[in-house]
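> So you can see what is in the structure, the chains are spelled out below.
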Amino acid sequence: MENIVNEFLVESYENLDRLDRDLVDLEKAPTDREILSSIFRTIHTIKGTCGFLGFSKLEAVAHVGENLLSKLREGELTLNPAITTALLNMIDAVRRILASIENKGEEGDGDDSALIARLTELTCTGGQNETEAAASSALEQTPAAERAAAKQSAAPLETTPEAESGPESSKASVPVALSTLSDAAGPAAETGRSSNVAETNIRVDVGLLDKLMDLVGELVLARNQILQYTATQQEPSFVQTSQRLNLITTELQEGVMKTRMQPIGNVWNKFPRVVRDLALACNKQIRVEMEGKETELDKTIIEAIKDPLTHIVRNSADHGVEAPEIRIARGKPAEGRIFLRAFHEGGQVNIEISDDGGGMDPARLKEKALERGLISRDDAARMNDREALNLIFLPGFSTAEKITNVSGRGVGMDVVKTNIEKIGGAVDIQSKLGQGTTLKIKIPLTLAIIPALVITSGGDRYAIPQVSLLELVRLEGEQARTGIEMIHGAPVYRLRGNLLPLVDLNHELKVGCARTREDDVINIVVLQADERQFGLIVEGINDTEEIVVKPLGKQLKGLPLFAGATIMGDGRVALILDVLGIAQHSNVVSGVRDRGLVEHTNTTLNETEDRQALLLCRLRNDGQLAIPLSSVARLEEFNRDIIEVAGSQEVVQYRSQIMPLLRLSNLLYPGAGELSSDSDTMQVVVYSHAGKSIGFVVGKIADIVDEVISVQRKSREPGILGSAVIQQRVTDVLDIQGLLQMADPGFLNDLRVQ
Amino acid sequence: MANTNQFCTFYLDSFFLGVEVLSVQEVIRYQTMTRVPLAQAVVQGLINLRGQIVTAIDLRRRLELPDRPDGELPMNVVIRTEEGTVSFLVDEIGDVLEAQEGQFEAPPETVRGVSRELIRGVYKMKDRLLLILDTEKATAIENSSETSVEKRG
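Quick mapping for you: the protein sequence lines, in order, are chains A and B. Residue 114 in the working numbering is what sits at position 114 of the first sequence, and the numbering runs on without skipping anything. Residue 80 in the working numbering is what sits at position 80 of the second sequence, and the numbering runs on without skipping anything.
Looking at chain A on its own, in the form it has when it is part of the complex (with noise of 0.2 Å):
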């Protein structure tokens, strides 16, 4: 019997939520009679099985309900607000009673005949001539008396029509519970979908997945462990069967995940209803609009997202979307629209919450910063208006003229942002005064597990989550000891130009020793941290790995520089690092100051746009050549002794094609001689166009950099566009066309006639 209850609670739980939203759809189109006719199905079928459960107060809130529907259906009234907002009440009394039947096996002693009498009376009159508040304090001023009143009036609708398949006593109930599930099923089979999908679909206990995930992550383990292991064995059937298994594992691995993942529109569906009782409650029209609702998530992040969206939703709607009057006056429609949209992207869900209300002023959101001494005058001054909108994440921190019931108390935002990142996420706003706001999350797709890098310091290994993971950079020799400079005391590396603040972490962990000047190789981990990157510098890098997070004790709980532990491929146990922490933890990010520097890396970042790559080679001894990266197809290294000779022309077979070779020392700077060079080998840059490819002989290709170019000085000779300044060198920057029309015009003719 208590299956049969849970397993009935749980369809009712999935069915109000959907109520919900479609009650809110059907206020838009009244008269859709797809969307009625699912609401009565939905309650039809709980009353059904409430009355086959003896659950009489539920069957008889359920049943006037339904009665009232069915007069929706039959089109014999039409919606209007009075109406959807006692159904609504009526959905949020069947909730009572469902979580009191939950909590306590017993429908609980509330009170429903008001609603009960309410229902019938606007089943008669359809509540045509009431107003909304009307309707309300009907509901709520009905007195005791009336009560009795009401009772009995449900009484004589047991002969309703629709109440003959009700059951009359307990004997006749099975029969009737039958004949009620198998007209809750007609509808259903008649789209022919729904059906199928509840004979493809069982529903599976939470608890049991979350234990299939922990036994998947020990496999993992364990599989990490025989592949480290096979590394050292001959045995050809045993190397094989172990890669069978890691295929079997990875595959199992993500089978498993995808039993956890679920909709994100599971956590949307409720927001209709939040905005719609929201809107009701200040006046204002709001729609919700979603887009990507079928993203998935892991269930762990949805249900640690779902509180900071409901935070934002509500916020969207009191804040965000101005009164109607206001609206127009605006010049914007009455109807204030709220767009939630999920996509994914790069390994990260993606999800947006935009409003087309008032959006936030920056100057006032600085002046209310410094009211309540959050920020200082200077600061305020500094600011610009990217910094300005990222002040609502202060704790603290709130607009609201009035405090209203429904947001505004100043707790909030900052708990929003703490709860996203807490789960590896990132939070950005962007707002256009008059124009509405767009608060943009990302947030990984799955927590349980993750790749990560693998790094030793202090003789221990630790694990750095690869969602934070940019770039590795090897500092080799000459570079170890002056590639690292110091701002009064503090590390930094230039990297590409930009300034990147080191860490190191063996100091920041207290093991081992610092770093020293005469070390040959830093292996530095740039990391990217609440939009702020930097450097860590570690003792040495393994490898990446998949690895199984796991929370630690109680007893670190503390410890902000680590999220978590995991098992590694020799059994043994390496922390997690978390990369926040340590950002904070060095002061990397802190507070109001930092949000300067993500917009100037930003600003930088936008700068990049304008770059080009170039790949820098060197062709005398002196001097630097500039190639274009994007028109290098390849670079190549041949032996001397495969030239061959095709009239006057060097070529080599290459590719099945024969490829002309173009010395561009002997072109551009004649008589400069080559770069000496006694290696037997020389290096060719591949420039393909057409299908057809031509090789640039170069004495040395030195490295690849992204520049801003500015040339200098405009070339007269051909094949130079000019000359520019690239890593404090006078460089050549190479004119592909001009050289290719000097040296080999045939190359470019063919091109033409193809």
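No lab work stands behind these hints, which were simulated from the structure alone. Heads up, some of the hints might be wrong.
[Unchecked claim] Dumping the calculated DSS-like pairs for lysine-lysine here, alpha-carbon to alpha-carbon at most 27 Å:
#1 A:LYS104 / A:LYS293
#2 A:LYS368 / A:LYS293
#3 A:LYS554 / B:LYS137
#4 A:LYS270 / A:LYS104
#5 A:LYS306 / A:LYS442
#6 A:LYS557 / B:LYS124
Assemble the complex: chain A is given as a structure, and chain B must be docked to it using the hints.
For chain B alone, coordinates are given in the frame of chain A:
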């Protein structure tokens, strides 16, 4: 025999201690540990207990006793607490003993310091005293980020 309790006993320096047998998950020999930088000194490290990561607490340090002499490997007494599984590192394992409730007495007032907090009481056994460890208190270690950050100075 209605009022007897069973205790898993172990030795720690000169102490003879016990924990209720029901809270003990298992007793295992020394395991390789991963140290946790910045954690309090009582946290000796993390051990891999069949895929579960368990924090190992050095009971000698917890009770502010002198450190174990070099070369002596501790044993793990794995305890289930409300906050998860924890391992106590002890010198040597004793027998599982039954003690009558009548033999129990609260620690005398003269017992001071950490022991006063962590020792729930004493069973007066025939040949010696069995001190009963309060596992919940022994595993509750203040390890807030502040302390570790403050210490960094």
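> Each of the hints needs a verdict: does it hold here or not?
Hint check:
1. A:LYS104 / A:LYS293: 35 Å, violated
2. A:LYS368 / A:LYS293: Judged against 27 Å, a Cα distance of about 36 Å means the pair is violated.
3. A:LYS554 / B:LYS137: Holds - the C-alpha atoms of B:LYS137 and A:LYS554 are around 13 Å apart, at most 27 Å.
4. A:LYS270 / A:LYS104: Holds. A:LYS270 to A:LYS104 sits at ~25 Å (cutoff 27 Å).
5. A:LYS306 / A:LYS442: Holds. A:LYS306 to A:LYS442 sits at ~14 Å (cutoff 27 Å).
6. A:LYS557 / B:LYS124: 38 Å, violated
When the structure is compared with the earlier hints, violations turn up for hints 1, 2 and 6 and for no others.
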